[in-house]
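Chemist: Listed below, chain by chain, are the residues.
Number of protein chains: 2
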Amino acid sequence: MTVRADDDAVPTEHTPPPRRRVESVVLVHTGDGKGKSTSAFGMVVRAVARDWRVGVVQFLKSGKWQVGEERVCRDRLGVDWFAIGEGFTWESEDLSQDEAVARAAWEHTRAMLAGGEHRLVVLDEITYPMTWGWISTADVVAAIAERPPTVNVVCTGRGAPDELVTLADTVTEMRKVKHIYDTGVLAKKGIDY
Amino acid sequence: MTVRADDDAVPTEHTPPPRRRVESVVLVHTGDGKGKSTSAFGMVVRAVARDWRVGVVQFLKSGKWQVGEERVCRDRLGVDWFAIGEGFTWESEDLSQDEAVARAAWEHTRAMLAGGEHRLVVLDEITYPMTWGWISTADVVAAIAERPPTVNVVCTGRGAPDELVTLADTVTEMRKVKHIYDTGVLAKKGIDY
Chain C
206 MTVRADDDAV PTEHTPPPRR RVESVVLVHT GDGKGKSTSA FGMVVRAVAR DWRVGVVQFL
266 KSGKWQVGEE RVCRDRLGVD WFAIGEGFTW ESEDLSQDEA VARAAWEHTR AMLAGGEHRL
326 VVLDEITYPM TWGWISTADV VAAIAERPPT VNVVCTGRGA PDELVTLADT VTEMRKVKHI
386 YDTGVLAKKG IDY
Chain R
206 MTVRADDDAV PTEHTPPPRR RVESVVLVHT GDGKGKSTSA FGMVVRAVAR DWRVGVVQFL
266 KSGKWQVGEE RVCRDRLGVD WFAIGEGFTW ESEDLSQDEA VARAAWEHTR AMLAGGEHRL
326 VVLDEITYPM TWGWISTADV VAAIAERPPT VNVVCTGRGA PDELVTLADT VTEMRKVKHI
386 YDTGVLAKKG IDY
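Sequences listed follow chains C and R, in order.
Each position in the first sequence, counted from 1, maps to that position plus 205 in our numbering.
Each position in the second sequence, counted from 1, maps to that position plus 205 in our numbering.
Treat the hints with care, since some could be wrong.
[Said to hold, decoys possible] Residues on chain C that point at chain R, a partial pick, calculated with CB under 8 Å: (1) Val227; (2) Ser301; (3) Ala305; (4) Val346; (5) Lys393.
[Unchecked claim] Non-contacting residues of chain C with respect to chain R, defined by C-beta distances greater than 10 Å in every case (computed): (6) Ala245; (7) Gly247; (8) Trp257; (9) Glu274; (10) Ala288; (11) Gln302; (12) Arg308; (13) Arg315; (14) Thr336; (15) Glu368; (16) Ala373; (17) Thr375; (18) Glu378; (19) Lys394.
What the hints contain is simulated information worked out from the structure, not anything from laboratory work.
We treat Cβ as the ideally placed atom computed from N, Cα and C, and that holds for glycine.
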């Protein structure tokens, strides 16, 4: 073992990286706990408070955010809200139809991202159609990577693909510590939906 | 080892607990990741969408939710908002003053919980004054446990005390997977505050 004479030259503290600003960020909320979509909608309120134009695309028709939330976001907060299946007759027995609807939502999203009119775009539960192979993870990652620099993006859903995690600036896993459902309690209106 | 003759009697599947309804729930958002407060505010939007009366108490003056969020919640969503330090001259150098302000916020909270007029009460960043010993964890847990049965409660903050976790119905840990701050990027208006 070599003993260094100049001990003062050995850093004893972690040097933080130089501080910098970015124009926009990509966030991912994943994991099996609560709060992935709810936190994204809290971010909607924050963005609205900054007078940002906000867009939301729901990728699951049975998402946590339903008619009431959509109404509040649209009417009171002025959010551009695109719920999957709009303009479609949803046939839940028909997987090819589900896939077509997810693809249409993605095309809408791609245009919204590229348009650059929104400072915040929430892609709620987008991980599921990626996981199911209905929309291409590579396409999603590319469209987010190539967005106009003013557009912030939040993606939610369990099982975020590695490529999306790699692209994202900030990734949070919502981890279930305990959940009342496990004790047999039913989902509650106002709290869970 | 005893071999049972009646193998059919051995359960091979987990039996779910009987389903039941509760009038209200207590949720805790803890951990070092993002989304604890933000998710609580998403719940505010959800509750407002159900026409619930909502109360928010901020226990940190430098909380993530600031003037803009407070304005949106108060003015557009009709939330009863109590920011710590209201009516006080805050002297951040004076710990005894900080403690007095936290205690006053807690007295306000205790009355709000007991009053039963709110279907949702958010106690934002309440874990910190508990951790610092400024308000009694036992008092907080007792007041929540004894609340009118219609009042749902959400507590946020790192390091939730065990007694609060035990009392809570649902506990979520927001775990940091990666965070852009670690690369030197500064907090962004509209996203982080």
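Chemist: Does each hint hold? Answer for all of them.
Modeler: Taking the hints in turn, this is what the structure says about them:
no.	hint	in the structure
1	Val227	5 Å, holds
2	Ser301	33 Å, violated
3	Ala305	29 Å, violated
4	Val346	16 Å, violated
5	Lys393	6 Å, holds
6	Ala245	7 Å, violated
7	Gly247	4 Å, violated
8	Trp257	6 Å, violated
9	Glu274	5 Å, violated
10	Ala288	14 Å, holds
11	Gln302	29 Å, holds
12	Arg308	28 Å, holds
13	Arg315	22 Å, holds
14	Thr336	18 Å, holds
15	Glu368	14 Å, holds
16	Ala373	7 Å, violated
17	Thr375	5 Å, violated
18	Glu378	5 Å, violated
19	Lys394	6 Å, violated
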